[in-house]
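Now for the letters of each chain:
Number of protein chains: 2
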Amino acid sequence: MSRFVLRLLGLSLLCAVSLPCASADSPAAAKTPTPKELLERSKPEEWRKPDPENLLLMQLPQGRVMIELAPDFTPLHAANIRTLVREHYFDGLAVIRVQDNFVSQWGDPEDDDKGDKSKLRSLGKAKRTLPSEYTRPIDSKLPWTALPDGDVYAPEVGFSEGFPAARDKASGQEWLTHCYGMVGVARDVGPETGSGSSLYAVIGQAPRGLDRNLAIAGRVLQGMEYLSGLPRGTGPLGFYEKPAQRLTIQSIRLVADLPAAERGKLEVLRTDSATFAALIEAKRNRRDDFYKLPAGKIDLCSINIPVRGP
Amino acid sequence: MSRFVLRLLGLSLLCAVSLPCASADSPAAAKTPTPKELLERSKPEEWRKPDPENLLLMQLPQGRVMIELAPDFTPLHAANIRTLVREHYFDGLAVIRVQDNFVSQWGDPEDDDKGDKSKLRSLGKAKRTLPSEYTRPIDSKLPWTALPDGDVYAPEVGFSEGFPAARDKASGQEWLTHCYGMVGVARDVGPETGSGSSLYAVIGQAPRGLDRNLAIAGRVLQGMEYLSGLPRGTGPLGFYEKPAQRLTIQSIRLVADLPAAERGKLEVLRTDSATFAALIEAKRNRRDDFYKLPAGKIDLCSINIPVRGP
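Protein chains in written order, with full-length UniProt numbering: chain F, 1 to 310; chain E, 1 to 310.
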């Protein structure tokens with residue numbers, strides 16, 4: 001059968017043809033609603049528009065990456081990243097490292113271990129180090145979408161303010177988790193040596209051992225494929241060995257600083273919405289013509305938070 | 001600091017400079033032994049040479065991918081894949097799909113849903129469908145390396161015969177798990193419609209909901225970066241939309257069929273060895289100058305099984 005006919009036959013057949021099917025339509029006889037069906041039924045008020053002061057547009061040669069900062073978890077880092085962006089610090093820097101099943105990292109290729117961060121030092125207002133911001137006190141007034149199936153690493157996991165997170169009621173603390181697409185703050189050896197001037201995105205199995213050892217600045221909302229679908233670096237830790245292998249960052253801008261016409265209309269499904277709860281439940285107990293044995297369980301980092309709009 | 005100097009300073013400094021550090025040397029003051037230190041102390045008998053009858057060499061334009069079949073879990077699939085390979089079925093086929101945070105899949109671009117698998121049909125001996133082989137009875141005579149920290153999906157997880165696996169003593173069954181790098185059998189809607197003629201490798205967060213819904217044929221031992229570091233397909237489910245985007249498979253061969261000089265000397269650390277247990281423990285409780293807060297836990301799919309040799 002030609003690709004043309006295959007496409008004509010549509011998604012549900014394509015799914016039947018070329019399994020496994022992760023997130024697409026199921027055949028008509030599906031018993032569990034599909035993500036598409038659930039999202040079509042969602043209400044406008046279940047979606048939120050990220051604050052443009054928290055939204056970064058990273059322009060790479062292949063396309064754009066949208067990142068939402070998490071200032072309620074890491075406020076000092078969010079503020080410093082905004083400052084760096086407004087000073088055009090990232091423009092012309094590069095993706096310098098892609099380590100398979102771990103992270104893609106970007107920053108200044110000329111950084112070193114002595115604090116001789118030439119470009120960073122030349123800037124006026126951005127801080128070169130920050131307090132660690134690994135955890136924050138649990139705020140019982142904020143919505144918390146708890147997951148029912150437990151977690152290997154933390155006493156409790158779920159979603160807070162749109163991000164995957166973990167909690168420990170004994171300590172009264174909560175923290176963001178290193179799930180796929182989360183954006184962390186690279187640092188030197190000491191816990192207070194990060195600044196946001198070099199960041200990484202998780203591109204493999206969630207390295208949850210990093211939780212509470214590194215600050216998390218936010219999450220990739222769109223364009224993750226431009227960070228994950230890169231050739232892996234062949235140097236130690238996945239660093240690119242030749243400058244020509246690095247991917248140049250054309251620019252990073254705050255959406256708040258863009259002309260209104262260029263800001264886009266990106267929306268994120270609220271993690272405290274009924275539709276998000278229904279999506280989790282449908283994935284926990286997926287049962288259709290293809291999936292005969294529902295897992296009945298789901299782990300935190302296997303849950304996608306839907307994003308829509310250009 | 002130039003890249004040249006950075007390299008001269010060696011890996012442990014590079015790690016300190018450009019964190020996070022997943023699997024490389026830790027600084028000299030490390031309290032937990034590093035993977036490198038543990039592997040250097042390992043004994044020859046802790047390593048096994050995979051049976052060349054179970055070892056596939058997949059030649060891609062960028063490099064070679066070594067895959068170990070798991071015939072003790074999926075014997076009919078292993079046998080059929082060997083037959084397909086010996087009939088040169090895969091030669092000239094392609095990686096047809098790369099779905100971000102899910103799978104890279106290869107097979108015949110001309111496959112369709114009517115069983116009209118033209119190339120497969122033209123072959124003599126390979127079967128076009130197989131029984132599902134999703135689970136097998138627990139064999140108490142085989143070594144089982146149990147993990148101590150639980151699992152979201154299964155009553156018990158660990159390693160059996162070199163592969164990550166899950167068990168349910170209540171049913172007496174065990175099964176391979178969809179961890180990063182595991183190779184599964186694509187199929188149509190019915191559970192018994194797979195044959196091994198189209199396979200996928202996991203390239204993201206372990207999609208454990210697929211466990212016991214799809215057969216697992218084996219694991220990528222080397223060259224995973226050639227399957228994971230590919231541009232994502234832009235069609236539904238990550239299929240490449242244009243034939244030119246597909247990556248041609250030059251050939252797949254059984255190592256047993258190669259001349260002795262070309263078979264290589266690949267070795268895999270035994271998952272029932274003391275060194276493997278020490279590696280797991282060091283990762284569970286990593287504590288060094290960089291990691292201040294050991295997780296004290298590890299999940300099944302975050303454990304790497306070391307491979308060495310060309």
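Everything labelled a hint here was simulated from the structure, so no lab data went into it. Accuracy of the hints is not assured; some may be wrong.
[Said to hold, decoys possible] Reference listing, derived: stretches of chain F covered by chain E, where coverage requires no fewer than 3 residues with Cβ under 8 Å from a Cβ of chain E:
#1 52-59
#2 91-101
#3 149-156
#4 226-237
#5 287-301
Bear in mind the structure is a predicted one, so any value in this text is a computation, not a measurement. Just so you know, even glycine gets a beta-carbon here, dropped at the ideal spot from N, CA and C.
Okay, the hints, checked on the actual structure:
no., hint, in the structure
1, 52-59, "violated (count 0)"
2, 91-101, "holds (count 6)"
3, 149-156, "holds (count 5)"
4, 226-237, "holds (count 8)"
5, 287-301, "holds (count 11)"
Hint violations for this structure: number 1 only, all remaining hints satisfied.
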